[in-house]
Amino acid sequence: MTIPAAVQTLHPTSETVVEVRGICKKYSEVEALRLIDLDFPRGKLTTLLGPSGCGKTTLLKIIAGLIQATSGEVRVNGRTVTGPGPERAFVFQDFALMPWATVMRNVAFGLELQGMAKAERQSIARNYIAEVGLTGFEDKYPHELSGGMRQRVGLARAFAVNAEVLLLDEPFSAVDEQNRRKFQEDLLRLVDKERKTFIFVTHSIEEAVYVSDRIVLLSRRPGRVSQIIEPKIDRTASPDAIRRDQGYLDTVEEIWQGLKHYVD
Amino acid sequence: MMIFGYRVPMMASLMVWCVIWELVGQAGLIFLIPPLSSVLVAAAALVQTGTWQAAALITLHSFVVGMVLAIVVGVTLGVLMGRFKAVDDLFGIWVNIFVSAPLSALVPVLMILFGIGETTVIVTVFLFAVWIIVLDTRAGIQHVPNSLIEMGRSYGATTFALYSKIVLLAALPEILAGIRLGLVRGVKGVVIGQLLVSIIGYGELFELYSRSFDMENFWALTIILFAAAMLMSAAIEHVEKKVDYYAGVR
Numbered sequence: 001m002t003i004p005a006a007v008q009t010l011h012p013t014s015e016t017v018v019e020v021r022g023i024c025k026k027y028s029e030v031e032a033l034r035l036i037d038l039d040f041p042r043g044k045l046t047t048l049l050g051p052s053g054c055g056k057t058t059l060l061k062i063i064a065g066l067i068q069a070t071s072g073e074v075r076v077n078g079r080t081v082t083g084p085g086p087e088r089a090f091v092f093q094d095f096a097l098m099p100w101a102t103v104m105r106n107v108a109f110g111l112e113l114q115g116m117a118k119a120e121r122q123s124i125a126r127n128y129i130a131e132v133g134l135t136g137f138e139d140k141y142p143h144e145l146s147g148g149m150r151q152r153v154g155l156a157r158a159f160a161v162n163a164e165v166l167l168l169d170e171p172f173s174a175v176d177e178q179n180r181r182k183f184q185e186d187l188l189r190l191v192d193k194e195r196k197t198f199i200f201v202t203h204s205i206e207e208a209v210y211v212s213d214r215i216v217l218l219s220r221r222p223g224r225v226s227q228i229i230e231p232k233i234d235r236t237a238s239p240d241a242i243r244r245d246q247g248y249l250d251t252v253e254e255i256w257q258g259l260k261h262y263v264d
Numbered sequence: 001m002m003i004f005g006y007r008v009p010m011m012a013s014l015m016v017w018c019v020i021w022e023l024v025g026q027a028g029l030i031f032l033i034p035p036l037s038s039v040l041v042a043a044a045a046l047v048q049t050g051t052w053q054a055a056a057l058i059t060l061h062s063f064v065v066g067m068v069l070a071i072v073v074g075v076t077l078g079v080l081m082g083r084f085k086a087v088d089d090l091f092g093i094w095v096n097i098f099v100s101a102p103l104s105a106l107v108p109v110l111m112i113l114f115g116i117g118e119t120t121v122i123v124t125v126f127l128f129a130v131w132i133i134v135l136d137t138r139a140g141i142q143h144v145p146n147s148l149i150e151m152g153r154s155y156g157a158t159t160f161a162l163y164s165k166i167v168l169l170a171a172l173p174e175i176l177a178g179i180r181l182g183l184v185r186g187v188k189g190v191v192i193g194q195l196l197v198s199i200i201g202y203g204e205l206f207e208l209y210s211r212s213f214d215m216e217n218f219w220a221l222t223i224i225l226f227a228a229a230m231l232m233s234a235a236i237e238h239v240e241k242k243v244d245y246y247a248g249v250r
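The listed protein sequences derive, respectively, from chains L and E.
Every letter in the first sequence is one number past the one before it in the UniProt record's numbering, and letter 251, counting from 1, is 251.
Every letter in the second sequence is one number past the one before it in the UniProt record's numbering, and letter 103, counting from 1, is 103.
Calculated directly from the structure, the hints in this document are not laboratory data.
Hints are not guaranteed to be accurate.
Mimicking PhoX-like on lysine-lysine, the simulated pairs with C-alpha atoms at most 20 Å apart in a straight line are [unchecked claim]: (1) E:K165 with E:K242; (2) E:K165 with L:K118; (3) L:K140 with E:K242; (4) L:K193 with L:K182; (5) L:K44 with L:K196; (6) E:K241 with L:K140; (7) L:K232 with L:K44; (8) E:K165 with L:K140; (9) L:K140 with L:K118; (10) L:K193 with L:K44.
All values derive from a computational prediction rather than experimental measurement.
Looking at chain L on its own, in the form it has when it is part of the complex (with noise of 0.2 Å):
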């Protein structure tokens, strides 16, 4: 049966949770985006993906509102960004943790800021230390941790303030092969678990087909919107079946294709 336009309109399969409008940004001489639109669907990971320089973490921290547009203007839930706010949660790729605080007090400091009481926090961070696989490692601090650990505590933080949206700024780009690939599949269970609104930064193609149910592609500066892919894989398969699947492989290939011409 067949859906009249007008009715899917009204009842959208996905909402929109963060909308980006004509979002242009200038550092005086260079122009790094020009005129974005976009919409980010709730429960959907969307992925900025682009050659290097192409805005896409400019991009990022202007839906954090951490930098402000040159013009245009990003609505969470139809309020308009003004700075950073509650529903909006950071990853960071150098993983941003206090070097002098624990695992336990780096992941409850989001609920620490918003004045939650110690005992409270602790609960919920010790929830999703478990949840990030880092059950005995609540005392340590970050130096005793690798790399991957210590973004699994990034991610713990971001989850710990219970956000809509979650936003990762090449969170994985620090973190060794190996790590990486099993962090994708943790990243992907939780997208599963946690239902919430995911927006991920990367420059690795294999990792954006891998891990988005969206993929936008950003041109080289200034950087515009120039295709919006849906990977269409089977997520139930199991992760080493999804690498070796057709649909991901000609993904990966199709953009490939569309980047190539960037590269010198």
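Assemble the complex: chain L is given as a structure, and chain E must be docked to it using the hints.
Relative to the frame of chain L, chain E by itself:
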């Protein structure tokens, strides 16, 4: 330290110099240098006198007040300079001039401004110590990774929380180094200030003993002062070592 395969304790080199001092003193070559042993005896007697205790108390008071001011002002100014370019432009040149300027020359001017008394000494301690604290704090603040500040902002830190829970702690290794160097300079400041004002505290005693060529007491005074300065410096260094590990991993 290892010599000919033997482990030599840390203080060994100091011991060598103490022996040389003792020998030179016993030989009576220079009347300015009495034997170390008699200096130590003098020191033991000196610390029991009311004069010394009163002088030490006055000196300690000027030093502590001056240092507390220097740390509060120095860290505050250093943070502001590290975070805001306008403040950095405004004060940078002065801090850099004063950090290397011969401040002793200013003490007579301070005397005119603040009178012949403790205030001048406190101001001298402050002026000797504050600049290096400003410079080191500024360097520490500039080394705070931007992502830590962005982390604080994105998780909703108020400005106060951002500074008290993140920025100051992240800059702590450099701030402590600045305070340690400031303490050493502050000790110089308190003695020079008192010497030039020359009627109070340690400076008065120095003046008294050196004028009457009472070298045992003069050196005893000096040794006590050096020991106090080194102890303070070592105490800060001990704390510094505790936070050192994260300077590399911030």
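Hint by hint, here is what the structure shows:
1. E:K165 with E:K242: The hint holds at about 18 Å.
2. E:K165 with L:K118: Holds - the C-alpha atoms of K118 of chain L and K165 of chain E are around 16 Å apart, at most 20 Å.
3. L:K140 with E:K242: Measuring from Cα to Cα gives roughly 15 Å; hence the hint holds.
4. L:K193 with L:K182: holds, 17 Å
5. L:K44 with L:K196: Holds, at roughly 7 Å.
6. E:K241 with L:K140: The given pair, whose Cα atoms are some 18 Å apart, holds under the 20 Å limit.
7. L:K232 with L:K44: holds, 14 Å
8. E:K165 with L:K140: With a Cα-Cα distance of about 19 Å, the restraint between K165 of chain E and K140 of chain L holds, given a limit of 20 Å.
9. L:K140 with L:K118: It holds: about 18 Å lies between the C-alpha atoms, which stays within 20 Å.
10. L:K193 with L:K44: Roughly 12 Å between the alpha carbons, so the hint for K193 of chain L and K44 of chain L holds.
Hint check: no violations occur; every hint is consistent with the structure.
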